[in-house]
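> Chains as they are written, first to last, in this note's numbering: chain V, 6 to 511; chain D, 6 to 511; chain Y, 6 to 511; chain C, 6 to 511.
Hints are computed from structural coordinates only; laboratory data are not their basis. Hints may contain errors.
The list treats identical chains as interchangeable, and a pair is accepted whether it falls inside one copy or across any two copies.
Keeping only pairs whose Cα atoms sit at most 25 angstroms apart, straight-line, the calculated DSS-like set for lysine-lysine is [said to hold, decoys possible]:
| no. | residue 1 | residue 2 |
| --- | --- | --- |
| 1 | LYS34 | LYS271 |
| 2 | LYS330 | LYS34 |
| 3 | LYS337 | LYS92 |
| 4 | LYS271 | LYS218 |
| 5 | LYS50 | LYS263 |
| 6 | LYS354 | LYS387 |
| 7 | LYS334 | LYS34 |
| 8 | LYS271 | LYS244 |
There are 4 protein chains.
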Amino acid sequence: MISRLLRNRTIVQTISRTSTIRCLSTFEKHRTVFESLGLDKTNNKGVFDGEWKGSGDIVPSYNPVNNEIIAEVITGTPDDLNTAFEKLPAPKRGHVMLTMRNALVENLQPLGKLVSLEMGKILPEGIGEVQEYIDILEYALGLSRTMQGAIIPSERPGHAMLETWNPLGTVVAVYGWNCAIALITGNGTIWKPAPTTSLVSIAITRIIAKALKDHDMPTSLCALVTGGTDVGQSMVQDKRAHVLSFTGSTEVGRQVGKVVQGRFGKSILELGGNNAIIVTDDCDLDLAARAILFAAVGTAGQRCTTTRRLIVQETVYDTLVERLKKAYKQVKVGDPLDEGVLCGPLHTKQAVESYKKALEQVKAEGGEIITGGRVIEDGPLKNGNFVEPTMTRVRPDMNVVQHEAFTLDEAIAINNNVAQGLSSSIFTSNPSTIFKWIGPSGSDCGIINVNIPTNGAEIGGAFGGEKETGGGRESGSDSWKQYCRRGTCTINYSGALPLAQGINFG
Amino acid sequence: MISRLLRNRTIVQTISRTSTIRCLSTFEKHRTVFESLGLDKTNNKGVFDGEWKGSGDIVPSYNPVNNEIIAEVITGTPDDLNTAFEKLPAPKRGHVMLTMRNALVENLQPLGKLVSLEMGKILPEGIGEVQEYIDILEYALGLSRTMQGAIIPSERPGHAMLETWNPLGTVVAVYGWNCAIALITGNGTIWKPAPTTSLVSIAITRIIAKALKDHDMPTSLCALVTGGTDVGQSMVQDKRAHVLSFTGSTEVGRQVGKVVQGRFGKSILELGGNNAIIVTDDCDLDLAARAILFAAVGTAGQRCTTTRRLIVQETVYDTLVERLKKAYKQVKVGDPLDEGVLCGPLHTKQAVESYKKALEQVKAEGGEIITGGRVIEDGPLKNGNFVEPTMTRVRPDMNVVQHEAFTLDEAIAINNNVAQGLSSSIFTSNPSTIFKWIGPSGSDCGIINVNIPTNGAEIGGAFGGEKETGGGRESGSDSWKQYCRRGTCTINYSGALPLAQGINFG
Amino acid sequence: MISRLLRNRTIVQTISRTSTIRCLSTFEKHRTVFESLGLDKTNNKGVFDGEWKGSGDIVPSYNPVNNEIIAEVITGTPDDLNTAFEKLPAPKRGHVMLTMRNALVENLQPLGKLVSLEMGKILPEGIGEVQEYIDILEYALGLSRTMQGAIIPSERPGHAMLETWNPLGTVVAVYGWNCAIALITGNGTIWKPAPTTSLVSIAITRIIAKALKDHDMPTSLCALVTGGTDVGQSMVQDKRAHVLSFTGSTEVGRQVGKVVQGRFGKSILELGGNNAIIVTDDCDLDLAARAILFAAVGTAGQRCTTTRRLIVQETVYDTLVERLKKAYKQVKVGDPLDEGVLCGPLHTKQAVESYKKALEQVKAEGGEIITGGRVIEDGPLKNGNFVEPTMTRVRPDMNVVQHEAFTLDEAIAINNNVAQGLSSSIFTSNPSTIFKWIGPSGSDCGIINVNIPTNGAEIGGAFGGEKETGGGRESGSDSWKQYCRRGTCTINYSGALPLAQGINFG
Amino acid sequence: MISRLLRNRTIVQTISRTSTIRCLSTFEKHRTVFESLGLDKTNNKGVFDGEWKGSGDIVPSYNPVNNEIIAEVITGTPDDLNTAFEKLPAPKRGHVMLTMRNALVENLQPLGKLVSLEMGKILPEGIGEVQEYIDILEYALGLSRTMQGAIIPSERPGHAMLETWNPLGTVVAVYGWNCAIALITGNGTIWKPAPTTSLVSIAITRIIAKALKDHDMPTSLCALVTGGTDVGQSMVQDKRAHVLSFTGSTEVGRQVGKVVQGRFGKSILELGGNNAIIVTDDCDLDLAARAILFAAVGTAGQRCTTTRRLIVQETVYDTLVERLKKAYKQVKVGDPLDEGVLCGPLHTKQAVESYKKALEQVKAEGGEIITGGRVIEDGPLKNGNFVEPTMTRVRPDMNVVQHEAFTLDEAIAINNNVAQGLSSSIFTSNPSTIFKWIGPSGSDCGIINVNIPTNGAEIGGAFGGEKETGGGRESGSDSWKQYCRRGTCTINYSGALPLAQGINFG
């Protein structure tokens, strides 16, 4: 009846069930990982709103190394959650974050392994992913006492002007960054994971829920709904999703953004990057080469901050390319859990198709494949989504490429002349170049690096991109404000009623 | 050819001209005002992009006191502007703001009078409007040295993490707040005024342009395009309008927001308010009554922060309503430039029609007109857009109204239970009520007042509203950040390449 | 040879040893506490600079319950420490803080008990003391990513202006607040504890040192020197103590401040408070009475924020005093580790003497003892430093007391009219009173409370007092800046040399 | 009787009068300057506390060009001032600043000329000095709406924690920086100028006082007391001088600091600098040479930020020194108001004596005079305090100088290895050098420049130095906080009384 009730969150369950064929050899091989995380072969309920549910589709999770099913998840859609978190003072919420952090630390190894299994990342990256969640929870603990409102000087005697930041209600969160910041600012969260990472999301939600319980907080504060596009779409439209964080393609993000804007909700969009590295002739080429290798090949080139473009000064082009060719050939491709493997499979079969098409287009436009370029279709990796680390030179009729040399302004223009604006790097030893690069006439990306690759952002800085990357900032700096409504409060304690701007009325 | 060129701004002129009948007695009566501001009877060019143009429609500006034409404006659409402002250091931009401010101070009286003429506001309000622009320019001068970026601790040795705020390019600005903040952050602006206030916009642009010239800055930094809906729509769609500020109805704002979001631009929406005052039984009733009168009747109830709803505790209802009835009857309605007049005309004839419909609806639903309720259709005011100051009681079957008393939680729920979220006030002498009201379970508006009415915001605080009011903040606090792109810059000056999250790659 | 070497810290040991008579029944009774913390009966080395030393005086630590020796400490003075902490990035230092925190959590019970034993606090307060250290370490973890420098707009094109905060070197710290903030800002610390709390300081240093070791940091970063006045004085004079935090009497603090100022060091002084509570006639008297009891009697009135003065509106005086008299009489005095005891002994025998003198003075000046007023010299507590909880009325010839009523301004004047300025409270339900109290004409203390007693500060807010309380702020808000040197850095990357203020020189 | 009264300021006048011989040819020559500023030949009252007074010594002001008397000032000491400024809201105080600014702009030329006359600066520098005051008033206007307090998350439900910044009372200010910041934070000021610049202080106080009057503020808010050491000392000791800003020698500053600390006042010390420029071999030598010339010879080397030491890499030493020698010889020395003169006289005869002694010491220690080195004792300048611009090489047995080359660490060590810590510069094109220089192992000065000289600070950055330079920051960044007392306010509006740290008491 009253507006506060609008904050209830209803989960309508879908009922259709599909049966799937089960070939769970991965499960058997890594049984201890699954057991330590409380995951089952076939009976993993994928909806959590305080208790575990799931009467929706049964969706298998695949191992991209061999495309075998790891385990199955019973999916669903949101129903009946309520929030009490905002009444807990922020420093107390910080303590909940600390408990969550400690629980993740205890489960770091199995969780990291599960990430590797389900996403195809090499183990250090799988563990790194969980570690990042741990870091952000520590960061949220810190915010719990330092997220300040303001007292602003009022022009009226006997008036206090305060700026407050209060929770919005419910955040549809991408874990773990959104989750931690949403919770510390007093919101509840719903996690709608990618359908391909359901097992990780269930395992983490179990751990998080226990931490909430330890603090006598409703576990529904961190709800989970696994599921497909339909689940996602209903959340996008739902007025009760005060903040909706979305990570995905520009095209879907554009639609999501418009729908959320149309209902005056807030969206945090983390869309595609088309990230470039500029290599100048005054840089440390060795440093640049190692950085490029790491940024282009790491996570099989699937990070949002992966380097996709190189803009290289002509005078250093040959040297750099030779070095990279040699390095690319040494990169061991294989099962990400195997020792020495640096490059795992692509995440899905679709990604392999996209890879093929992109290469065909390069050729069609007269470009050149410098190294790699092949889908691995034979040998022990033939059942997985493996491709060779690949570098191409774009078509030679492009103006810029014909230049013997380009100016800094031209290089920056090429960097900026794409629709996306996530990450960008320059390698240089010139202070003037550095400060131009980070200034008003420099990179127009959200992440602007110098002498480090496009990836590897720290949690303390605001993370996100400009232009078609969506403009959202998930975490870092003052991005916690995005999870709040801002109140400009003026309190007249004078007993008198002076009016602004000198108007004398009545 | 390169992305920077995308920032050029093209104004395509429309050519159709309509002739209008001229009855410019207002012009003759206030000839000195117009002459001091350089305005003509019929030949006011309404496009400025460094020079004055206008080959579009000729649009008259009406005096709402008698619906006579004041003067005519030749309208148009945007063409060929370029920005150099971002290269001027912010403190230097501050000096441009100071020159603008001084020029407005010199023209305060005629400008104030022109606002009164064109908008129908009483003179103190007309002058107050210009004074507000002067204030915001001073505020922008202050920002010129205090808009700080940040140095954030990096977790990597030999790395510096900086957060920079650089201009976006072009801001479609509502004057004067947007203009001042957009300029001080290094952007250029285009002003598309409401078609009903063309003369004010031309007069101010003249003054502003001279200030830019005095500093050898391109005057096109503050472009003006008067015109109708088509001009507005082309700006909304134009990718080069990096920030688009819109003030208007929720329905138009919803469309504007979606289009701008669809092209990943930034919008600052200032849409309708449905502002309430809660009157508790522990408040100073005299203070409350004066505040309500000012907030409901001032500017003929046409401010975005005008009070539209009263939520009154039953025990003080009769006393308060009696006082207000008496006060309403004393309010002198008339020509806003006449001595003693407190309430001028509505701004347009359409507003008079809306007034009528609203009253009919109240009656249809069983509500009651407490005072006022009549369009003034005879006497000397009959040609203007005048109506009586009016107060109604909504239909008595509403649950809440039947209550003998309501709790604070209920009153807050009523306040929040509308689609809009601009401004809100409570009158109380209870600290517990005050802090609840400004806290997470309090008002969900952007402006949250105590013992002052819903209007009268100061420029230092963030101004704007939540929910269907649009979420934008034009000015105050850190809202200057909305006019900027944020860069998270990491500079590796170590010569080494440590990688985040402990990944050891290659 | 170069300035950086000045940061070495030399500890010159004193050699005189005194033997003491040992009657360590307390030790035997609480043997498990001591064993779990690694403390010995007689052989506790009291100097730590990376390894444990101590060739100075043997100083016993007494149990104020019975003035028996708890255990003995071999004291000393500083020698040869070096710092490497500043080279560790702040977020990494945060992880050291987290490890320290976890170690204290594990030892919370025995540490809390040891605090109770050595200081005479009741157990919840002993544990609360350690908990506060734990809290501040979490807070420091948070700071590790949020202590921001600034990028300030420069008025010169091609120039960047940065504000940096770098560590000063060595902080003579009062644990735990100073220690945590000093470490997180990159400094090393030396702890010179009060001679009466040597055992706690040794036990904590053990735990802290282990945490440093776990992170491969030099354990000498947290040095300890137990000892007497001579040790303290040499630190005050030592140029290498870049920041010196001192908690103690105004008179000693005045000397400390002057010496440190004379060598242009920084001091953080936390001197005496003469804290008052104002009780107005519009407050919740029950709340006020409970708060006063807690604030005046808790920790046997020995906190720096203990309430020492009551300023009570005449109309509520009798009611309040009756309530307090009744409550005071119910307070159980005794061994702080016994169940139900709310008031333990004074910390030292000297404190008992001061108590006696203060009461004599009250009587001499015509004042009145309302309740309490007796040293407990018989019964089972006779060997301890026990006194009755006591309340007096100051001499009735004081002007203010004669008034039947006072105004708010007068009450504030009485509050402010003492030399000290630590903490102050008002009990009221009037918003106007609240905002006056916290405004420019209100309390001139560093801590300004409303409807809570003078004690109970949170770590997020700046803690410390004005006037003769010394002006220092140990922790909270931006007080971390006190542990840093501020650098205003201007980087010209333009290649040109414009000069400020338009001077054209050569 | 009550503490607020302590803020009154009493001026006890001294009565002794000395007569002086008058040879006021400078006055006649620049009569228009004096008349436009309202200054007289002999009858300039030097005390202002709302009205102009002065029964103390008559002190002449000398022209350092010829040591003739410019005009005479009747000096005195403080009496009976009261403050009402704190009750004016900060934004209103901002408007007073704006009026002061405008009045100074109107008087820029004559004031600049008077500065030149009285201080011996060349005219652009004289005008620059006044311009700086104008700038700081604009800056203070900006602060008037942006000096924020904070709302800090409280760990207790139903509690609000606010951090407030309220004025301290009276600031003994060095104009204009201190004055503007002291006023905008709500304090009153007393100006005790150097005895050698009395005329400037009287002229400015006249202008400032008029601005206060225009706003109906008590003009005594900006009191003036010209006078000698006795006047200064009484202020240092006076408890009512809540903040005392002192600019002068380290030795006097040390005493001042100790006395103010002893009474728990606040001092802002701006003591001597021993500023160095490091010239690396990778820098732009031309830029460096021009910067050094400007920084060493400008204002005849008398700015606090004047470069006093050069630390030059051996490989570029000869080239740099040759360039500087040539440049030094071209610097025209003479009457600072004459066209083309770049170097005026020293400020006083004592300064000439110090110059001589310093050169003798260089020679005695085996150093070498590279260029200059002579007091000008013949020709038309013989009566003034003129010396040649001078460069020396310090004694060649210094270890560092013998090195063929030094490392960056060594150069930084030399920079830091002096007692003072005001300003410092490095000339380099290496980013790694830049970030080391501004980091924890870099310059330990308050001002840390790159590729600009040691002087030329901007008002937006904090200005002041570390170590024996005193640690004060007059203006810029958050140094306004030094003029305030900080209040940590906790407001319990819950009606309940939870206690921090979980203590359950009674």
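> Hint by hint, note whether the structure agrees.
Quick rundown of the hints versus the structure:
1. For the identical chains of this complex, LYS34 and LYS271 are neighbours neither inside a copy (43 angstroms) nor across copies (50 angstroms), given an alpha-carbon limit of 25 angstroms.
2. For a Cα distance limit of 25 angstroms, the shortest separation of LYS330 from LYS34 qualifies neither inside one copy, at 36 angstroms, nor across copies, at 73 angstroms.
3. For a Cα distance limit of 25 angstroms, the shortest separation of LYS337 from LYS92 qualifies neither inside one copy, at 52 angstroms, nor across copies, at 35 angstroms.
4. With identical chains, the CA atoms of LYS271 and LYS218 are never at most 25 angstroms apart, being 29 angstroms at best within one copy and 40 angstroms at best between copies.
5. Neither within a single protomer nor between protomers do LYS50 and LYS263 lie at most 25 angstroms apart by alpha-carbon distance, with minima of 32 angstroms and 37 angstroms respectively.
6. In the homo-oligomer, the alpha carbons of LYS354 and LYS387 lie at most 25 angstroms apart inside one protomer (12 angstroms), although the nearest pairing across protomers, at 75 angstroms, exceeds that limit.
7. When the C-alpha separation of LYS334 and LYS34 is checked against a cutoff of 25 angstroms, the pair qualifies neither within a copy, at 30 angstroms, nor between copies, at 71 angstroms.
8. In the homo-oligomer, the alpha carbons of LYS271 and LYS244 lie at most 25 angstroms apart both inside one protomer (10 angstroms) and across protomers (21 angstroms), since each shortest distance falls under that limit.
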